[in-house]
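Undergrad: Using the sequences provided together with the hints, build the complete structure.
Sequence lines, in order, name chains A and B.
Going by the numbering used here, the letters in the first sequence line up with residues 163 to 437, in that order.
Going by the numbering used here, the letters in the second sequence line up with residues 163 to 437, in that order.
Keep in mind that the hints are not guaranteed to be accurate.
Heads up, the list lumps identical chains together, so a pair's fine if it works in one copy or across two of them.
Below 30 Å or equal to it, Euclidean Cα-Cα: the simulated DSS-like pairs (lysine-lysine) are [said to hold, decoys possible]:
| no. | residue 1 | residue 2 |
| --- | --- | --- |
| 1 | K408 | K221 |
| 2 | K286 | K221 |
| 3 | K434 | K221 |
| 4 | K286 | K342 |
| 5 | K434 | K286 |
| 6 | K221 | K342 |
| 7 | K434 | K332 |
| 8 | K434 | K361 |
| 9 | K342 | K186 |
| 10 | K342 | K406 |
| 11 | K406 | K186 |
| 12 | K361 | K186 |
Since the hints were made in silico from the structure, they are not lab data.
Computed from a prediction, not measured in an experiment: that's the story for all the values here.
There are 2 protein chains.
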Amino acid sequence: MIELLVTCDENYLNPLQVMLYSLKQNNQNDEFRIWLIHESISAEAIAELRHLCHVLEFKLETIQIKEDLFDNAKTVERYPKEMYFRLLCGQILPESLERVLYLDPDILVINSVTDLWELDLQGKMMAACTHTGLIDFTTTINKVRLNTDHGYYNSGVLLIDLNLARQYIKASEIENALEKFNQRLLLPDQDILNHLYGKYILEIPEEIYNYDGRRFMSYLTRSMGEHNLMWVMENTVILHFCGKPKPWDSSSDSRFTAMYLNYQHQKTRLLKNLG
Amino acid sequence: MIELLVTCDENYLNPLQVMLYSLKQNNQNDEFRIWLIHESISAEAIAELRHLCHVLEFKLETIQIKEDLFDNAKTVERYPKEMYFRLLCGQILPESLERVLYLDPDILVINSVTDLWELDLQGKMMAACTHTGLIDFTTTINKVRLNTDHGYYNSGVLLIDLNLARQYIKASEIENALEKFNQRLLLPDQDILNHLYGKYILEIPEEIYNYDGRRFMSYLTRSMGEHNLMWVMENTVILHFCGKPKPWDSSSDSRFTAMYLNYQHQKTRLLKNLG
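TA: This is the structure we're talking about:
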């Protein structure tokens with residue numbers, strides 16, 4: 163059983179459904195349990211997600227956070243609170259769970275996640291990918307900005323050892339950091355992850371496990387032309403639609419937009435045909 | 163039961179498999195029988211196709227043409243002979259068959275073909291699409307060149323009334339026309355179809371049933387921006403990869419390449435996982 167963690171608000175439920183549909187299409191032989199941690203998704207919306215999970219033969223567990231976690235943080239107005247749930251998932255999820263794979267909703271899973279799920283974390287608390295390009299100014303800026311000596315990890319795909327997360331990640335520490343950085347946080351949860359916990363992270367290859375859909379040309383150049391679209395389809399496991407426009411926005415027109423919309427339409431049709 | 167006609171040589175068996183796989187993915191509720199008319203595909207290659215059809219729950223009937231049909235035509239050296247089989251399919255297929263849907267192998271079927279299959283042909287022998295753009299010089303040139311007064315039909319998607327085809331289409335007439343036009347035929351079978359039988363064709367909308375993958379911008383402009391990628395995914399039934407490069411060529415890099423390669427990879431993985 164592969165344990166999947168997702169957190170979003172109601173606006174992202176459709177992308178979440180598309181992500182789960184793509185996961186099923188490309189992982190027919192594995193069993194999945196989906197853990198949804200949320201704050202305010204309506205019962206009606208949850209019921210639709212439950213219906214999809216039933217059709218896809220996924221188990222679904224929902225956990226609604228009622229306490230006012232992080233209400234002190236001034237940044238929460240700019241970012242959905244759900245973004246922080248992944249950091250504290252060790253405390254939120256049942257103690258019996260030892261490992262979870264967190265995935266952002268703006269993702270397509272296009273190959274088997276088995277190798278990632280079974281990854282040896284080598285004593286680290288998490289596995290994650292850095293997003294580095296051919297010439298990467300942001301990594302250097304982020305190292306200075308956040309006082310770290312490693313690459314800037316993207317928090318969209320995280321394989322988490324929950325026992326270590328329960329030891330290392332403290333709500334009070336996150337609150338202190340939020341207060342300290344306050345106005346200087348660009349992407350609060352990702353910045354916090356890097357600043358406080360970057361040293362506990364095992365780096366895994368981004369073109370396999372967190373392929374930034376905007377950076378096809380950068381990956382192609384870096385690989386001397388080897389990582390063309392055929393390579394991506396055959397090797398990439400997780401395709402991440404970072405930044406804007408999102409592939410479901412009408413202005414999106416990238417190499418991966420049609421494929422995304424094809425998955426989205428298949429998911430919608432599946433639910434419609436089943437009434 | 164939807165009766166599908168395909169004709170190709172061994173080089174196009176992989177695209178044919180991808181087309182069939184996409185058909186299944188987007189037509190789960192219909193039953194299909196595939197009629198493959200060919201000249202020289204090996205028993206081994208047929209066996210692989212049969213295996214795929216079995217997995218997809220399609221019936222497969224293969225018909226090998228042994229006679230030297232069209233061996234007099236001087237154009238046959240430039241084009242695979244299989245291209246002519248669709249014109250004479252009325253004679254080749256069993257007399258009990260009354261209707262067949264012909265599809266080229268360089269196609270993805272991305273929505274239900276039921277409406278097309280059940281189309282009222284209004285007494286015409288075939289339904290087909292013309293490929294016309296916003297400003298279409300080729301249609302005018304083709305009207306003069308082939309002495310017709312209708313649009314230039316693309317022969318990649320044909321819904322055929324076999325009883326009428328048996329009445330109207332004569333091998334001798336095709337041979338005469340091939341001889342007459344000889345050096346002036348650009349796309350022999352398509353030219354013959356238009357010249358001899360264009361008047362028996364019912365035109366159906368190209369953006370639904372024979373969407374030319376190269377002409378996204380033309381369709382988008384013509385529709386005043388309405389026919390964006392989301393429209394295509396929701397409305398187009400048959401996406402046709404006309405011209406070169408084909409989406410399986412390494413130089414292909416269009417809006418639809420990633421989606422094509424995703425279907426291709428899923429098909430390959432399906433066969434591999436089943437051993």
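Undergrad: So, for every hint listed, does it hold in this structure?
TA: How the hints compare with the structure:
For a Cα distance limit of 30 Å, the shortest separation of K408 from K221 inside one copy, 28 Å, qualifies, whereas the shortest one across copies, 41 Å, does not. Proximity of K286 and K221 under a CA criterion of 30 Å is satisfied intra-copy only: 28 Å inside one chain copy versus 52 Å between copies. With identical chains, the CA atoms of K434 and K221 are at most 30 Å apart both within one copy (21 Å) and between copies (27 Å). In this homomeric assembly, K286 and K342 come within 30 Å of each other (Cα to Cα) only inside a single copy, at 26 Å, whereas the closest approach across copies is 77 Å.
In this assembly of identical chains, K434 and K286 lie within 30 Å of each other by CA distance neither inside one copy nor across copies; the values are 43 Å within and 34 Å between. In this assembly of identical chains, K221 and K342 lie within 30 Å of each other by CA distance neither inside one copy nor across copies; the values are 40 Å within and 67 Å between. Proximity of K434 and K332 under a CA criterion of 30 Å is satisfied in neither setting, with 44 Å inside one chain copy and 46 Å between copies. Taking the shortest alpha-carbon separations for K434 and K361, neither the intra-copy value of 46 Å nor the inter-copy value of 40 Å comes in at or below 30 Å.
Taking the closest pair of Cα atoms, K342 and K186 never come within 30 Å of each other, the shortest separation being 42 Å inside a single copy and 56 Å across copies. Taking identical chains as interchangeable, the C-alpha atoms of K342 and K406 lie at most 30 Å apart only when both belong to the same chain, with a minimum of 29 Å there against 58 Å between chains. In this assembly of identical chains, K406 and K186 lie within 30 Å of each other by CA distance solely inside one copy; the values are 26 Å within and 33 Å between copies. For the identical chains of this complex, K361 and K186 are neighbours neither inside a copy (33 Å) nor across copies (47 Å), given an alpha-carbon limit of 30 Å.
In summary, the numbered hints that this structure violates are 5, 6, 7, 8, 9, 12.
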